[in-house]
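Protein sequence lines correspond, in order, to chains A and B. Under this note's numbering, the residues of the first sequence are numbered 18 to 431, in order. Under this note's numbering, the residues of the second sequence are numbered 65 to 249, in order.
Since the hints were made in silico from the structure, they are not lab data. This structure is a prediction, so every number in the text was calculated from the model and none was measured. Be a bit skeptical, because a hint or two may be false.
Under 10 Å between C-beta atoms, here's a sample of chain B residues computed to sit facing chain A [what the hints assert, rightly or not]:
| # | residue |
| --- | --- |
| 1 | ASP104 |
| 2 | ASN116 |
| 3 | GLY149 |
| 4 | ASN171 |
| 5 | TYR172 |
| 6 | PRO173 |
| 7 | GLU186 |
Partial list, derived from the structure: chain B residues whose beta carbon lies under 10 Å from chain A [as the list claims (entries may be wrong)]:
| # | residue |
| --- | --- |
| 8 | LEU72 |
| 9 | SER196 |
| 10 | TYR202 |
Even glycine gets a Cβ: it sits at the ideal position worked out from N, Cα and C.
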Amino acid sequence: MWELMQANKRKSLLLFMGMGIFLLALGYVVGEVFSPGGGFFGLAIAAVVWLVQSLVSYAWGSKILLMSSKAQPVTHEVHPQLFNIVEEMKIAANLPAMPKIYIIPDPAPNAFATGIKPENSAIAVTAGLLGRLNRDELQGVIAHEMSHIINRDVMFMTFAGVLLGSIVLISQVFLRGMFYSGGGRRYRSGSNRGQGQAQAVIMIVAVILAILAPILAQLLYFAISRKREYLADASAVRLTRYPEGLASALESISNSDYKPAVVNKVTAPMYIANPLEKGRKISSLTSTHPPIKERVKILRNMAQGANFTAYEKSFEQVAGEEIIPKSQLQNDKTVSIRQANDRKKTGNKKKDLRQVGDLIRTVNKYAFLACACGLKMKIPPNFKKSTLICPRCHREHKVPLSELAAMTAAATKN
Amino acid sequence: MTGLYIVLVVLVVLILLFIGYYNGLVRLRNQVKNAWSQIDVQLKRRHDLIPNLVETAKGYMQHERNTLESITEARSRAMNAGSVGDKSKAETALSGAMSEFFLVVENYPDLKANQNFLAVQEELSSTENKISFARQSYNDQVLFYNNKIQMFPSNLVAGMFNFVQGEFFELEDKAEKEVPKVDFS
Chain A
18 MWELMQANKR KSLLLFMGMG IFLLALGYVV GEVFSPGGGF FGLAIAAVVW LVQSLVSYAW
78 GSKILLMSSK AQPVTHEVHP QLFNIVEEMK IAANLPAMPK IYIIPDPAPN AFATGIKPEN
138 SAIAVTAGLL GRLNRDELQG VIAHEMSHII NRDVMFMTFA GVLLGSIVLI SQVFLRGMFY
198 SGGGRRYRSG SNRGQGQAQA VIMIVAVILA ILAPILAQLL YFAISRKREY LADASAVRLT
258 RYPEGLASAL ESISNSDYKP AVVNKVTAPM YIANPLEKGR KISSLTSTHP PIKERVKILR
318 NMAQGANFTA YEKSFEQVAG EEIIPKSQLQ NDKTVSIRQA NDRKKTGNKK KDLRQVGDLI
378 RTVNKYAFLA CACGLKMKIP PNFKKSTLIC PRCHREHKVP LSELAAMTAA ATKN
Chain B
65 MTGLYIVLVV LVVLILLFIG YYNGLVRLRN QVKNAWSQID VQLKRRHDLI PNLVETAKGY
125 MQHERNTLES ITEARSRAMN AGSVGDKSKA ETALSGAMSE FFLVVENYPD LKANQNFLAV
185 QEELSSTENK ISFARQSYND QVLFYNNKIQ MFPSNLVAGM FNFVQGEFFE LEDKAEKEVP
245 KVDFS
């Protein structure tokens, strides 16, 4: 696994440099078109755009992602099982520090991981996921997200995304500039015909690059993204030693509506199931994730063991192609599959949904007040009245406002 | 002159590579040590959680004194064990006592509904998981470290500085390894 990680890092760097050279070349050519001899200026501008976007992503990427998904940080008390599962996987993965844990108060089952460095990472899980999955399935999902952190996928995909964004930005600026300024006029000022012809050639090259660049870069981005999802599945299974856990979790997710209320094009690819791609049966060139059914099939086909060799074998049988080169599997030790830990969820949908609702309200800092008739009343954080009438039996309850305020203050401090 | 420059550049590159391999070996060795101590941390955590569990269960399981006593005994034996071999055996025995206990708990629905008990049970079963994951992680780290020591070219650096290979944490319970024999007679 270590060699796989190292090889991945190396290949990623190469691909990344390739895309980078492409960006700089585009900048140069565009610079040349706008003013002959200004090629290097264009290249410099492209580099600056790239650098600024990279710095912003590095510094605030995680925070932006977490805030935009309305994730709430949680303590051990709110959901001990989630905490324990993350800690178990942290030990299995030998992560240097415990990731911060967040719950997204949304009934759609989904999850994502963020964090450029393994020392400073975070995992967010929706309340819907916690309500639907049993312990083994949840463990599989957490292991998958943690694998993204260890394999440095988050770091790589963030920077690749930034690169892609820069390429798109520069080509858009160029094409629109051409369109609006009627670029032909510049060339009449050229001193002789030879120079004019050279500029025309550069112009054509620039236009072609500007149109092709975003398309190619996007395809590359998606291909990298899909491959890394498979590798994260393989790493997850090696951590949990239980492919069926992740397989049945993915199945459960795909059978439900996994689109959280707050989702946008930029953050969608980070989730375990892309919320904007629900319903796609085949993996097109433009999907960030492989089709869930295929991922489940590969996982369930792993009969011999839970290591990378077993995953590779299963992958070749199902998809017919290679994903982990044989050279990296040489030092792989056999790893056997363990027994199941947990029975399926109760199957009582009402109870499960109620648990999800309660979890969402706990995370949103609601307080609970139990009435003698059996109804559990939920009090929102900014409730000001001192008495509350039970909607079912009409008994009057005194609301302990001071305690409520203390609880909210304590919860916000965390 | 250019010949000298080339030699210098090659030398610098070699030195950098050398440092890289050395640091890599040191990092992997430290990860092995870290993983080993993690096992200890989880074992100790289990020792700390057990008294609470026994207290909570006592009230409900009046007739299961034997089971509860065997857990408490196994726990003190594990805490007092000296050598690595003794510790390993004692901890495995404690794991056995815990699984037996949880089987018995199935017969006491009142106990299973008790919130305190559920919380401690979750903590304990999570600790059991963490112990096995810690063992698993230790074996993984040993594998990576040993690979690096054996493979070329880091094996040259390893030889120079006397990096010793790690030992795998093998299964103590030989019975688990045996394939169950099916008898149709």
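Holds or violated: GLU186 of chain B as interface residue toward chain A, Cβ cutoff 10 Å? Constraint on GLU186 of chain B satisfied, holds at 6 Å.
Holds or violated: the hint that ASP104 of chain B contacts chain A, with Cβ atoms closer than 10 Å. Given a least distance of 12 Å, the restraint on ASP104 of chain B is violated.
Given hint TYR172 of chain B near chain A, where the shortest CB pair must fall under 10 Å: violated (18 Å)
Can we keep the SER196 of chain B interface hint, with Cβ of chain A closer than 10 Å? holds (8 Å)
Holds or violated: LEU72 of chain B as interface residue toward chain A, Cβ cutoff 10 Å? violated (26 Å)
Proposed interface contact between ASN171 of chain B and chain A, which counts if any beta carbon pair is under 10 Å: violated (17 Å)
Under 10 Å, Cβ to Cβ, is where ASN116 of chain B needs to be relative to chain A, so tell me if that hint holds or is violated. violated (14 Å)
Does GLY149 of chain B pass the interface check with chain A, least Cβ-Cβ distance below 10 Å? Where the cut-off is 10 Å and the nearest Cβ of chain A is about 24 Å from GLY149 of chain B, the hint is violated.
Given TYR202 of chain B as an interface hint, is the shortest Cβ-Cβ distance to chain A below 10 Å? holds (9 Å)
Take the shortest C-beta to C-beta distance between PRO173 of chain B and chain A; is it under 10 Å? violated (15 Å)
Comparing the model with each numbered hint stated earlier shows that hints 1, 2, 3, 4, 5, 6 and 8 do not hold.
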